[in-house]
Amino acid sequence: MSEMKSYSQAVTGFFASMLTYPFVLVSNLMAINNCGLAGGLPPYAPNYSSWLDCWSQLLKEARPGLAPAP
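FYI, the numbering for the sequence shown is 163 to 232, going by the working numbering.
Among the hints, erroneous ones may be present.
Using C-beta positions, here's what the derived DEER-type ranges look like [as the list claims (entries may be wrong)]:
#1 Ile194 x Ala224: 14 to 22 Å
#2 Glu223 x Leu203: 13 to 21 Å
#3 Met163 x Asn209: 48 to 56 Å
#4 Glu165 x Asn209: 20 to 28 Å
#5 Lys167 x Ala200: 41 to 49 Å
Read the hints as simulated data drawn from the structure, not as lab findings.
Ideal Cβ placement from N, Cα and C applies to all residues, glycine included.
Work out the full structure, taking the sequences as your base and the hints as a guide.
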């Protein structure tokens with residue numbers, strides 16, 4: 163039973179990180195967005211007007227098979 167618990171915790175953690183990764187990515191990109199550092203300015207990173215703009219751009223650039231259906 164203890165073995166099953168450890169597997170379920172690992173699987174739950176994996177799925178939780180899969181669900182939260184897009185939000186972590188968007189928050190990190192928005193943190194450097196137009197911050198004055200070279201990495202947060204074009205041509206290295208686009209300027210986003212809001213986190214929704216960032217999210218939609220990431221969806222457009224997603225690799226096939228990973229983006230949700232429209």
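Going down the list of hints, with the structure as the test:
1. Ile194 x Ala224: 14 to 22 Å: holds, 20 Å
2. Glu223 x Leu203: 13 to 21 Å: holds, 18 Å
3. Met163 x Asn209: 48 to 56 Å: With Cβ atoms ~53 Å apart, the hint holds.
4. Glu165 x Asn209: 20 to 28 Å: Between Glu165 and Asn209, where Cβ atoms are some 50 Å apart, the hint is violated.
5. Lys167 x Ala200: 41 to 49 Å: holds, 48 Å
When the structure is compared with the earlier hints, a violation turns up for hint 4 alone.
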